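Working from the sequences, and respecting the hints, build out all of it.
Keeping their order, the protein sequence lines are chains A and B. Residues in the first sequence are numbered from 1 upward in steps of one, following my numbering. Residues in the second sequence are numbered from 1 upward in steps of one, following my numbering.
Bear in mind the hints are in silico, worked out from the structure with no lab data behind them. Computed from a predicted model, the values in this text were never measured in an experiment. Glycine included, each C-beta is placed from N, C-alpha and C at the ideal position. One or more hints might be untrue.
[Stated by the list, open to error] Simulated DEER-style distance windows between Cβ atoms:
(1) A:ARG83 / B:ILE159: 49 to 55 Å
(2) B:ALA31 / A:ARG453: 40 to 46 Å
(3) B:ILE254 / A:LYS296: 48 to 54 Å
(4) B:VAL134 / A:VAL237: 50 to 56 Å
(5) B:ILE159 / A:ARG431: 32 to 38 Å
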Amino acid sequence: MTTAEPAPHLVDVENLHVTFGSGRSAVYAVRGVSFTVDAGQSVAVVGESGSGKSVTARSLIGLAGRGSAVRADRLRIEGTDARALPEGRWRQLRGKHVGFVLQDALGSLDPARRVGAEVGETLLAHRTVARSAVPGKVVDLLRQVGVPSPEARASQFPHQLSGGLRQRALIASAIAADPALLIADEPTTALDVTVQAQILQLLAQRKATGIALLLISHDLAVVSTVADHVLVMKDGVFVEQGPTRQVLDDPQHPYTRQLLAAVPVAHARGTRLSPRAGFTAQPRPVAGQEVVLEAKNLVKTFQVPGQGSLTAVDDVSLQLYAGETLGIVGESGSGKSTTARLLLDLDRPDSGTVDVDGTRWSRLDARAQRVLRQRIQVVYQDPLSSFDPRYPVERIVAEPLAVAGQPRTGRRARVLELLDQVGLTADVLDRRPAQLSGGQRQRVAIARALAPRPRVIVCDEPVSALDVSIQAQVLDLLADLQAELGISYVFISHHLGVIYHVSDRVLVMKDGKVVESGDVEQIFHHPRHAYTRNLLAAVPTLEGAALRPRAAEPQVTR
Amino acid sequence: MTVIPAAGTRNRSGLRAASARVPAAALLRRAGAAVVVLWGAVTITFAALHLIPGGIVDAIIGQSRVSPEIRAQIVKDYALDKPLYVQYAEYFGHLLRGDLGHSYNQGVPVATAIGQQAGSTFALLLGGIGFALVAAVVVAVATANRPRWIRGTAATAEIVSVAVPSFWLGILLLTVFSFQLHWFPAIGAGGLSGLVLPAIALGLAPAAMLSQVLRQGLERVLDEPFITTARARGVRSAGVLLRHALRHAVMPVITLTGWLIGAFVSGAVVIESVFSRQGLGQMTVAAIAQRDFPLVSAIVLISALVYVVVNFVVDAVYPLLDPRLRRPEAAAPRERSE
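Below, the structure is given as structure tokens:
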């Protein structure tokens with residue numbers, strides 16, 4: 001970035017290094033980055049987890065982390081030299097000059113304190129207003145960030161608010177003392193697409209009031225709607241930087257191109273998202289006519305103590321053909337995951353039936369159910385919590401084989417075969433889940449699901465916890481396996497781009513009901529239901545507009 | 001916290017009424033469980049009375065000598081000439097009326113004997129528990145996430161404190177602070193200054209256990225994102241620790257304190273002997289030696305009562321500390337997906 005302006009930068013960083021630990025075990029998280037942020041500007045740092053982007057942001061408020069060593073040729077924040085700043089001075093900087101919004105608003109608000117107390121804490125810490133004026137100012141702030149009935153919300157606890165409201169409250173607490181810079185670390189990652197759009201809009205509004213933004217994200221599409229300037233980070237250095245449009249339209253570095261190609265949007269459908277030598281676009285397999293999974297009129301009601309009953313799944317019917325992918329999309333609370341549980345017979349419906357391969361769950365005794373379970377398997381969002389942390393990979397993958405009665409002698413060969421199918425090598429056999437990367441873990445989860453040779457795999461948000469580029473690899477893997485083995489998928493996601501990329505047919509769910517279903521092209525390009533249209537309009541894309549018909553797509557694919 | 005099904009079925013008639021009823025119902029249920037525990041304790045002492053070798057009357061009078069009239073009176077009081085279930089009902093009835101029986105060794109009613117000694121022991125227990133909690137909080141807050149040598153020193157001191165027998169610690173404290181330094185009165189002293197050394201001797205081992213748990217809890221909480229957020233607001237580290245972290249970390253400490261009540265009560269017996277304090281502990285030792293069954297069984301029942309009451313209080317404290325436990329309506333009706 002050019003640095004010729006006469007006015008001093010709000011943030012001026014040159015040659016920043018952050019190291020954790022020392023000696024042989026040292027981790028060089030940030031290795032010499034330089035950037036500036038000016039008043040009213042919006043800068044985004046984009047990269048995968050582990051790229052050093054969060055550490056870079058946190059070193060601007062002196063919270064790089066325990067055991068970190070921060071070095072820089074220049075580290076100026078609002079004119080203050082922040083190198084070797086004592087803790088007391090940092091404290092004056094935090095909140096007052098730099099506001100910080102962390103990912104995961106539920107975890108970032110103290111669950112034991114009222115929302116108002118959390119927002120007001122910034123004011124009290126810096127004595128921004130008189131103590132008696134704090135409650136009024138808190139309500140004012142909550143109103144500014146678009147929290148409805150702010151007086152009532154201020155006296156509630158974080159868990160009583162929806163994810164979107166929590167994120168708004170968190171932003172309110174970060175801007176309370178009127179900082180010149182707001183840092184937002186993955187501010188929308190855990191949110192539904194419509195809520196995400198609202199939060200991005202809120203950030204854009206704050207920027208319009210003159211605050212500078214530093215956004216941290218793994219998702220180029222998300223930040224491209226708000227950022228003026230993009231810094232692409234990989235392994236602790238910026239591999240590319242420039243104005244947002246320029247980086248998106250004319251990426252110079254191969255890594256930036258890889259990131260762009262990994263975003264599953266309309267034009268990427270039926271193509272590979274991740275680079276892999278020797279492979280071209282996988283032709284989508286033609287779905288058969290055989291029904292492998294059928295659900296009729298499923299209803300599931302939960303008793304919510306103190307609130308009456310909640311109909312989580314309300315008259316849902318679906319059919320899944322051999323070799324086909326059925327996408328189920330909807331926001332949190334729409335009943336997607338409960339539907340998955342009913343399909344898998346992990347919960348029994350209040351009424352309605354589920355047939356797997358023509359066999360009805362409810363007609364089987366426990367032994368026959370166990371046999372049928374081998375035909376329908378599941379992959380969850382967070383494999384870490386669905387693996388026994390003490391089991392090595394070999395045992396995790398071999399477990400379903402043992403259940404299926406495969407003799408001990410052939411198991412290792414089969415495990416190796418399965419690992420090979422999901423693109424892993426034998427050297428992961430002895431590792432435990434914690435020693436695997438997110439992408440490797442999801443591959444192991446898929447290998448485990450494949451082990452009993454199922455006809456159907458229910459994928460419940462299988463890529464939602466992954467970075468865009470890892471997500472691309474996993475989606476490609478699922479597509480390859482479908483082409484190779486003819487497996488059918490029920491693919492559940494709140495991410496419309498992912499659903500569009502993988503699905504043949506789509507169900508759109510809201511409040512437990514299917515509001516619209518049909519062929520993926522029809523749903524995405526000619527949505528009939530207003531809710532579907534809202535969902536589609538909220539999706540951030542690289543073009544800064546809703547998913548477009550194919551004719552209008554720019555060629556970013558390689 | 002578990003939710004009472006009955007409350008769920010009623011909520012169509014009115015959400016507010018249902019949600020207000022639930023905590024009361026939960027409390028009632030816990031109170032019911034407490035009653036069951038006490039009833040069990042009563043039944044066991046009753047069974048013990050009948051299982052002691054020799055006659056029941058001999059068991060009751062212990063080593064004292066009584067006239068035949070009193071023997072007859074005991075038979076009448078305990079309904080020993082009636083069928084077993086009448087005896088059981090009679091035994092229960094006496095307890096319900098607050099009649100703990102008569103200690104023939106001491107020649108006074110059991111209630112009187114206990115009443116004379118309870119105050120001193122209660123003071124010792126309060127002192128011991130109070131010292132344990134305060135010491136645990138101070139040490140844990142001062143050492144959580146500090147450099148290795150500070151944590152290491154604290155951890156070593158904690159292990160030593162847990163390992164040292166309390167009677168030996170009591171003798172050590174007496175030797176140093178009473179006999180040599182003359183800071184505190186020695187054997188048998190009453191009043192607040194006489195309570196200091198016994199309370200420390202009683203509370204040190206539990207304090208060490210609690211401070212380990214609390215430090216681990218604090219260090220876990222200090223890694224939470226809301227702590228980073230609070231620091232990013234410019235809050236002082238003391239504010240972060242006391243306003244945010246301590247409240248979350250203290251929950252397991254409270255649970256453990258409830259469990260440790262038993263250890264405190266049996267510890268009090270030893271401490272009272274070492275410091276020659278009056279109290280239930282001394283009295284219990286004597287009562288056991290003299291085979292004073294009415295007194296021993298009353299002490300068993302009172303210990304059970306204390307345990308039940310303390311754990312009842314502990315349960316009632318959780319929702320005060322964690323608002324998520326307050327009302328079931330707050331327990332996220334949302335789906336857990338995504």
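Given the hint of 50 to 56 Å, is the C-beta distance from VAL134 (chain B) to VAL237 (chain A) inside that range or not?
holds, 51 Å
Verdict for ALA31 (chain B), ARG453 (chain A) (Cβ pair) under range 40 to 46 Å
The hint (40 to 46 Å, Cβ to Cβ) is violated, given that ALA31 (chain B) and ARG453 (chain A) are roughly 55 Å apart.
Could one say that the CB atoms of ILE254 (chain B) and LYS296 (chain A) fall in the range 48 to 54 Å?
At 51 Å between Cβs, range holds.
Does the hinted range 49 to 55 Å hold for ARG83 (chain A) and ILE159 (chain B) at CB?
violated, 41 Å
Verdict for ILE159 (chain B), ARG431 (chain A) (Cβ pair) under range 32 to 38 Å
Given about 34 Å between the Cβ atoms, the range holds.
Hint compliance for this structure: hints 1 and 2 are broken, all remaining hints hold.
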